[in-house]
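Undergrad: Using the sequences and the hints, build the whole thing.
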Amino acid sequence: MVYLILSVLSSTLIFVVFKLFDVFKIQTLYAIITNYVVACTVGFFLYDGPVGISDLTNKSWFIGPIVLGVLFIVIFNLMAKTAQVSGVSVASVATKMSLAIPVVMGVVLYGEHLSWLQIIGILLALVAVYLASIKEKSIRINRKALILPLLVFLGSGVIDTSIQYFEEVHLTDQEIPFFSSMIFASAALTGFIFIGMKAVKTPLKINLKNIVGGIALGVPNYFSIYFLIRALRADILSSAAIFTLNNVAIVMFSTIFGILLFKERLSPKNWGGVALAILSIILVALF
Numbered sequence: 001m002v003y004l005i006l007s008v009l010s011s012t013l014i015f016v017v018f019k020l021f022d023v024f025k026i027q028t029l030y031a032i033i034t035n036y037v038v039a040c041t042v043g044f045f046l047y048d049g050p051v052g053i054s055d056l057t058n059k060s061w062f063i064g065p066i067v068l069g070v071l072f073i074v075i076f077n078l079m080a081k082t083a084q085v086s087g088v089s090v091a092s093v094a095t096k097m098s099l100a101i102p103v104v105m106g107v108v109l110y111g112e113h114l115s116w117l118q119i120i121g122i123l124l125a126l127v128a129v130y131l132a133s134i135k136e137k138s139i140r141i142n143r144k145a146l147i148l149p150l151l152v153f154l155g156s157g158v159i160d161t162s163i164q165y166f167e168e169v170h171l172t173d174q175e176i177p178f179f180s181s182m183i184f185a186s187a188a189l190t191g192f193i194f195i196g197m198k199a200v201k202t203p204l205k206i207n208l209k210n211i212v213g214g215i216a217l218g219v220p221n222y223f224s225i226y227f228l229i230r231a232l233r234a235d236i237l238s239s240a241a242i243f244t245l246n247n248v249a250i251v252m253f254s255t256i257f258g259i260l261l262f263k264e265r266l267s268p269k270n271w272g273g274v275a276l277a278i279l280s281i282i283l284v285a286l287f
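Residue 8 in full-length UniProt numbering is what sits at position 8 of the sequence shown, and the numbering runs on without skipping anything.
Quick caveat, the hints were computed from the structure, so don't treat them as lab data.
Quick caveat, the model's predicted, so the values are computed rather than measured.
In this text, a Cβ means the ideal position worked out from N, Cα and C, and glycines have one as well.
What you were told as hints is all true, and nothing was included just to trick you.
With a straight-line Cα cutoff of 30 Å, these simulated DSSO-like cross-link-like pairs (lysine-lysine) come out: (1) K198 / K81; (2) K81 / K201; (3) K81 / K263; (4) K81 / K205; (5) K263 / K25; (6) K19 / K81; (7) K25 / K209; (8) K19 / K263; (9) K198 / K25; (10) K19 / K205; (11) K81 / K25; (12) K209 / K263; (13) K81 / K209; (14) K201 / K25.
Each pair of labels, with its calculated beta carbon distance range: (15) I206 / I278: 41 to 49 Å; (16) A199 / S60: 30 to 38 Å; (17) T172 / K25: 42 to 50 Å; (18) D173 / I259: 36 to 44 Å; (19) F257 / M1: 14 to 22 Å; (20) P268 / T172: 43 to 51 Å; (21) T172 / W116: 30 to 38 Å; (22) V107 / K81: 29 to 37 Å; (23) F192 / W116: 42 to 50 Å; (24) L260 / V108: 35 to 43 Å; (25) S60 / L146: 31 to 39 Å; (26) I206 / G111: 49 to 57 Å; (27) I63 / F194: 15 to 23 Å; (28) H113 / L146: 32 to 40 Å.
TA: Have a look at this one:
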């Protein structure tokens with residue numbers, strides 16, 4: 001349970017740092033790529049086994065971090081595009097509602113058992129995420145743009161399900177830091193290729209603020225994945241329960257930090273979402 005709490009706190013800190021990006025006018029894309037380099041470096045420092053090309057290619061999970069790293073960058077850009085086309089609320093809801101995918105996969109693929117109270121808690125969690133994420137009066141989606149939030153929903157769910165699969169089938173305790181590092185290394189490499197292509201038209205400018213922002217983001221970003229995998233390996237709760245608690249608690253704490261640190265105002269629907277989040281956590285964790 002400690003690992004799950006640390007994962008939630010790390011992920012919540014990511015949202016706080018993102019908010020600070022806006023306050024200090026940090027360019028998100030460049031800070032994101034820096035963050036992946038930092039996250040990869042942190043993982044290598046924590047890994048005490050041999051590190052080399054042959055060591056990596058001999059791992060049964062070798063291809064996993066490569067694919068996941070590319071997905072990290074792609075889904076990030078899809079989230080940004082969704083926010084621009086359909087609104088921030090749509091992007092947020094599409095991302096967080098994806099918790100349904102690893103929950104269902106945990107039951108279908110790994111035969112995990114959920115009590116009726118836990119199932120009710122998971123359904124309440126989906127409603128809580130929706131209500132807590134709404135920052136506009138209403139969510140309106142252009143039918144032609146529906147493909148964007150759908151891709152964000154599926155992509156986010158695939159990332160969580162893939163992490164769950166590799167933890168379940170391939171990883172040892174010692175390999176967790178190395179595996180996490182390789183995800184971020186792949187994401188960083190993909191990002192460098194992206195900005196390299198972009199630099200053909202627009203010359204790159206190194207900005208110290210972007211680098212500092214990337215460092216501030218990279219450390220909690222690494223530990224959000226690291227502690228999530230540790231929580232999945234602890235076998236205290238089913239993966240379905242862990243993903244539900246993780247996502248709902250992140251939404252709840254991000255909302256609370258938004259109020260305390262950035263004086264954000266919540267609508268009655270937002271408060272209802274927070275209340276349902278607390279109730280769903282109780283049902284999923286205790287029953």
